[in-house]
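Letter by letter, the chains look like this.
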Amino acid sequence: MNGILDTLTFAVRFVIRDTRGAWARFLWFGVLLGTSLAVLIASQGAVSSLRASIRACARELVGGDIVITSKKPIPAEIASRFGQHKAFEERLRTMVRSSTAAQLAQLRAVDDEYPLFGSIEVVPKSTAWRSAGVALERTLMDRLGVKVGDQVEVLGISLTVAAELVSAPGDISAAYVVAPRLYISRSMLPSGILSARGSMVDYSLFLKLERVNHVDETAAQLRSQLDPATFTVDTAVKRTERLSLVVSSIGSLASTVSLATMTLALLAITLAIRFHLRSKRPVAAVLRATGATMQQIRLCFFLQTSLLGVLAAILGVLGGLALYEVLVSIARTSTELRITESFDPMIIGASVGFMVLSLLWAAAPPLHHISSTSAFAVLRSDLEGPPQPALQRRFDLCVRLLSGFSILVLAWLLLGADKSAAILLGGAASTIATSVSLAWGARWSAKWVGEYVDYFPLRCALRNLHRPGNQTLAVVSSIALALSLLCAVSVVESTLGTLRGIGTDYGEANVFLYELFPEQTTLATRVIEKHGGRALQQLPVVLMRLQAIKGTPISEILRTDGTDTPPRWALTREYWTSYRDHLIPNERITGGQWFDGPLLNGEPVPVSLEDALAERLGVSIGDTLEWDVQGLSVLTRVTSIRDILWERFERNSFVVFPSGVLEEAPQFLFWSLSLRDPGARSAFIREISAVAPNVSVIDLTLVVNEVLSVLSTIGIGLKLLLGIIAFTATGLLAITALGARAERAPELMLLARIGMRRSIKRSIVRFEFLLLGVLATMCGIGFGLGVGWSIAYWALHVPANFNWLSITALSLASLVSCWAAGRLVSS
Amino acid sequence: MSGCDYVLSFNSVGKSFRSGQSDIQALKNVSLQIAAGETVALVGPSGSGKSTLLSLGAGLELPDTGTIVLDGNELSSLNEDDRSILRNRVIGFVYQNFQLLPTFTALENVALPLEILGGARFSSIRRRALSALEEVGLSARIDHYPAQLSGGEQQRVAVARALVTHPKLILADEPTGNLDRANTQTVLSLMRELSSRHGASVVLVTHDEEVAATMGRKVQLRDGILT
Numbered sequence: 001m002n003g004i005l006d007t008l009t010f011a012v013r014f015v016i017r018d019t020r021g022a023w024a025r026f027l028w029f030g031v032l033l034g035t036s037l038a039v040l041i042a043s044q045g046a047v048s049s050l051r052a053s054i055r056a057c058a059r060e061l062v063g064g065d066i067v068i069t070s071k072k073p074i075p076a077e078i079a080s081r082f083g084q085h086k087a088f089e090e091r092l093r094t095m096v097r098s099s100t101a102a103q104l105a106q107l108r109a110v111d112d113e114y115p116l117f118g119s120i121e122v123v124p125k126s127t128a129w130r131s132a133g134v135a136l137e138r139t140l141m142d143r144l145g146v147k148v149g150d151q152v153e154v155l156g157i158s159l160t161v162a163a164e165l166v167s168a169p170g171d172i173s174a175a176y177v178v179a180p181r182l183y184i185s186r187s188m189l190p191s192g193i194l195s196a197r198g199s200m201v202d203y204s205l206f207l208k209l210e211r212v213n214h215v216d217e218t219a220a221q222l223r224s225q226l227d228p229a230t231f232t233v234d235t236a237v238k239r240t241e242r243l244s245l246v247v248s249s250i251g252s253l254a255s256t257v258s259l260a261t262m263t264l265a266l267l268a269i270t271l272a273i274r275f276h277l278r279s280k281r282p283v284a285a286v287l288r289a290t291g292a293t294m295q296q297i298r299l300c301f302f303l304q305t306s307l308l309g310v311l312a313a314i315l316g317v318l319g320g321l322a323l324y325e326v327l328v329s330i331a332r333t334s335t336e337l338r339i340t341e342s343f344d345p346m347i348i349g350a351s352v353g354f355m356v357l358s359l360l361w362a363a364a365p366p367l368h369h370i371s372s373t374s375a376f377a378v379l380r381s382d383l384e385g386p387p388q389p390a391l392q393r394r395f396d397l398c399v400r401l402l403s404g405f406s407i408l409v410l411a412w413l414l415l416g417a418d419k420s421a422a423i424l425l426g427g428a429a430s431t432i433a434t435s436v437s438l439a440w441g442a443r444w445s446a447k448w449v450g451e452y453v454d455y456f457p458l459r460c461a462l463r464n465l466h467r468p469g470n471q472t473l474a475v476v477s478s479i480a481l482a483l484s485l486l487c488a489v490s491v492v493e494s495t496l497g498t499l500r501g502i503g504t505d506y507g508e509a510n511v512f513l514y515e516l517f518p519e520q521t522t523l524a525t526r527v528i529e530k531h532g533g534r535a536l537q538q539l540p541v542v543l544m545r546l547q548a549i550k551g552t553p554i555s556e557i558l559r560t561d562g563t564d565t566p567p568r569w570a571l572t573r574e575y576w577t578s579y580r581d582h583l584i585p586n587e588r589i590t591g592g593q594w595f596d597g598p599l600l601n602g603e604p605v606p607v608s609l610e611d612a613l614a615e616r617l618g619v620s621i622g623d624t625l626e627w628d629v630q631g632l633s634v635l636t637r638v639t640s641i642r643d644i645l646w647e648r649f650e651r652n653s654f655v656v657f658p659s660g661v662l663e664e665a666p667q668f669l670f671w672s673l674s675l676r677d678p679g680a681r682s683a684f685i686r687e688i689s690a691v692a693p694n695v696s697v698i699d700l701t702l703v704v705n706e707v708l709s710v711l712s713t714i715g716i717g718l719k720l721l722l723g724i725i726a727f728t729a730t731g732l733l734a735i736t737a738l739g740a741r742a743e744r745a746p747e748l749m750l751l752a753r754i755g756m757r758r759s760i761k762r763s764i765v766r767f768e769f770l771l772l773g774v775l776a777t778m779c780g781i782g783f784g785l786g787v788g789w790s791i792a793y794w795a796l797h798v799p800a801n802f803n804w805l806s807i808t809a810l811s812l813a814s815l816v817s818c819w820a821a822g823r824l825v826s827s
Numbered sequence: 001m002s003g004c005d006y007v008l009s010f011n012s013v014g015k016s017f018r019s020g021q022s023d024i025q026a027l028k029n030v031s032l033q034i035a036a037g038e039t040v041a042l043v044g045p046s047g048s049g050k051s052t053l054l055s056l057g058a059g060l061e062l063p064d065t066g067t068i069v070l071d072g073n074e075l076s077s078l079n080e081d082d083r084s085i086l087r088n089r090v091i092g093f094v095y096q097n098f099q100l101l102p103t104f105t106a107l108e109n110v111a112l113p114l115e116i117l118g119g120a121r122f123s124s125i126r127r128r129a130l131s132a133l134e135e136v137g138l139s140a141r142i143d144h145y146p147a148q149l150s151g152g153e154q155q156r157v158a159v160a161r162a163l164v165t166h167p168k169l170i171l172a173d174e175p176t177g178n179l180d181r182a183n184t185q186t187v188l189s190l191m192r193e194l195s196s197r198h199g200a201s202v203v204l205v206t207h208d209e210e211v212a213a214t215m216g217r218k219v220q221l222r223d224g225i226l227t
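Each protein sequence line maps, in turn, to chains S and L. For the first sequence, position 377 matches number 377 in this note's numbering, and the numbering has no gaps at all. For the second sequence, position 58 matches number 58 in this note's numbering, and the numbering has no gaps at all.
A portion of the hints provided could be inaccurate.
Taking CB as the label site, the calculated pair distances span [unchecked claim]:
(1) S:C398 - L:Q148: 18 to 26 Å
(2) L:H198 - S:L321: 26 to 34 Å
(3) L:Q148 - S:V816: 45 to 53 Å
(4) L:K28 - S:C398: 34 to 42 Å
(5) L:R18 - S:T730: 38 to 46 Å
(6) L:R18 - S:T808: 47 to 55 Å
(7) S:S329 - L:R127: 58 to 66 Å
(8) L:H166 - S:A742: 30 to 38 Å
(9) S:A742 - L:R127: 32 to 40 Å
(10) S:A422 - L:N73: 55 to 63 Å
Part of the chain L face toward chain S, derived, beta carbon under 7 Å [unchecked claim]:
(11) G47
(12) S55
(13) F93
(14) Q99
(15) T103
(16) E108
Sample of chain S residues lacking proximity to chain L, with all beta carbon distances greater than 10 Å (derived) [as the list claims (entries may be wrong)]:
(17) R51
(18) W412
(19) G426
Hint data in this document are derived by calculation from the structure and do not stem from the laboratory. From the three backbone atoms N, C-alpha and C, an ideal C-beta is built for every residue, glycine too.
Kindly produce the complete structure, drawing on both the sequences and the hints.
What follows is the structure, encoded as structure tokens:
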């Protein structure tokens, strides 16, 4: 027992004495690792709290235990079964007018019983608004230029703005950019005023069950009694699962970022530990010569590494908790979600465990090497220690592969242990593997190029890049990884930034008119011309629903529960379908042929489908689809598939018919207009909503402003991310430079002894680091552009936009940093 | 003289090292005995195997052939940790390039072998380290780091570290190789005086005939063979 205590005491004293000589470096390592740990803890904690809060207040979020939704009024016999424990809501998108402006809004007419759980929060805090008028979202009040007490006109009725809406059960506020919410009591509306709007109205019945454990059973019963093509029965839990999915996606992104940052920090620490322990080989040799046992030596350096872990853990946990509070308060203000759940301490345990395991992964091979190197050889050596035997190198590789695998497993568990976590980690692992491969290739190329260079310092520098024990692979791969992340984020940010051009770049369209009846065309044209506007695009729209796919009725498909069943929304939604004989600029044919012949009597009508919809419905060229066009059944055959660039603000349709079929069907028109003058635009919207109250008008510039504010929030997040990555990458380079300086000192002295001029020595080192920079920049920027393009194309579904200025700046920053590192090493 | 009177005994020792694709025979059938209290100078040209012999004697390496007995213990029969413990108790090392730990003060460097040995309170370890530094005339510089000491002072700290455990054997590998004449004399007289005071044997590797002449016996090594 005394022996163990003595060993421990000795090791602790050794660590204190050995560390105090380089405390600033030690602290720097701790900060570097702690920062990445803080990001991991904060992001995991915030996502976990959000998920828990959603689960905890599922019923309050939805407003009931069960929700039945439909485009048709809910049958009275269903509602009557639930006595007092029910509430109705009817939703309609309609124009709201004030004395100075008009704006599209989402009207929600609710019962006095609504919501059955949770509450509608308004200012002033009172339920009086239900009998006094309407409650409007702040955005809507601002756009209409009204305040509490003013009058607004809704569906032709003048109502008082009785309160400002703060929050209500249902979705998050970000969903109401185009049409902000307006709440009104159903009793304030004349009977039948909503049902007159037909399928434009969404009906919801919220149910409260006396016994919560009967929810699924009751929902199943209701589903069997109601036509699945018309009615959707959802439970609170199921609905909130969708919200949880959004949170999970955000969480996955945050976790990927924090893991990437931690990977960089770990690369830095791996290099640092390698340099540190390599420089400690003489110390270990002296310890052995003075009689220290292997266990004592291993314990000393193990404790030192652990101390670094403890320091990083303290900094990371403190920083993580602070950052967590910031994230939660942002979530509270931006999602209307009551986040009451406290921080899950397991996250700290798992994150710290992950970091410590990774640290040991970084330290294990050099620790093994230092304790197994011949003390005699080290003590007799002036320059470098003896090379690592091949067997030991293989052992180190096995240790690294094994511990790397265990880190991946732990990271997978941290990310949620599901398929998406596996995909994310697979992506991260491939990114690292690609960086290493590129670095390997670059190193090999340097050796080959070196043969053809006559200038001595440059030839030496090239030779240095592939000499044994050089840091080329580690530095190039890690800087390339950091650069590729920075470059990819820059491309994403720049691509998102292109959205700022919407409404101004494309055809100058900045106002959309929906639901304009054909007989209102002349009137609308007159109003447009009066205000100096012009129509850019006019499309007829016919509403229809799917009846059967390849001969199978939709109701039958809905009752099957297979994995290949098309999504419910695609089967039950109302399709805004158009008809025309020509392609428009935002689409192209990817399969089949555009309509080219006369329509044949008795044959199915040819239709063109959007590619993603065709995939979801599981149909291809030649398959049949049967539609319910306002009560009339129309059989169609898919003759072409189109790829549509939805991001361009041209109207398009999932389904397009040829001319000559739908002309007589009930329809309305969609118009896109250009109205440049803000005053004229406002006056036009107000006038058109007065003369054609059925028409919905969207002022795109207002929407763009809302989108911009969301984008600027994302932009802040992306800039924070860039900052963290840049900070970690700079730390990595600084560590490499400091380590290389310590390692190169004896070698440079030796070169001086054999007569090499100082300027040549400097040139060799600076060229070497500049070459490292060139290789890392080429690999990183090239790979980053590819990743950024892929994210833009596959995830954001928009063409990538490259900000060449920022990419050039990144490249220059990388080169200058490497040059500066070279100066530091040669100084 | 019986076998147990020798503090260190090499019996037909052979040792080779791998260098690239070939083996280098560093020592060939070397037999040498060091008696208690004896001072021996090991001389020979570079690469003759002097340092290899020293490291084998300290148990830092093991011989390919033959046996080495240190303080009655056959080194090849001990495991690495047991050899370390034996080295700590029996041997004090002095190197040409001092090999002091740069982040340890003079006192801490000297205390290191005692701390590794364990079993004593730090106050007692400190007292013994202080006493060793006093013996080499550095009691005023106990809190200085190696970088703050001159070459001669650093080597005196190394001597104090080698003697602090009162070892039976001092192994010195070119201890004066990096010192000027005055410091060489100081260090040599210190080693002679202190080893004689503590009854320790000394094996000193050197190129310098003058230094070798100060030792009781001179042993010549050439191409790994004792001559």
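So, against the hints stated earlier in the document, which numbers end up violated here? 1, 2, 3, 11
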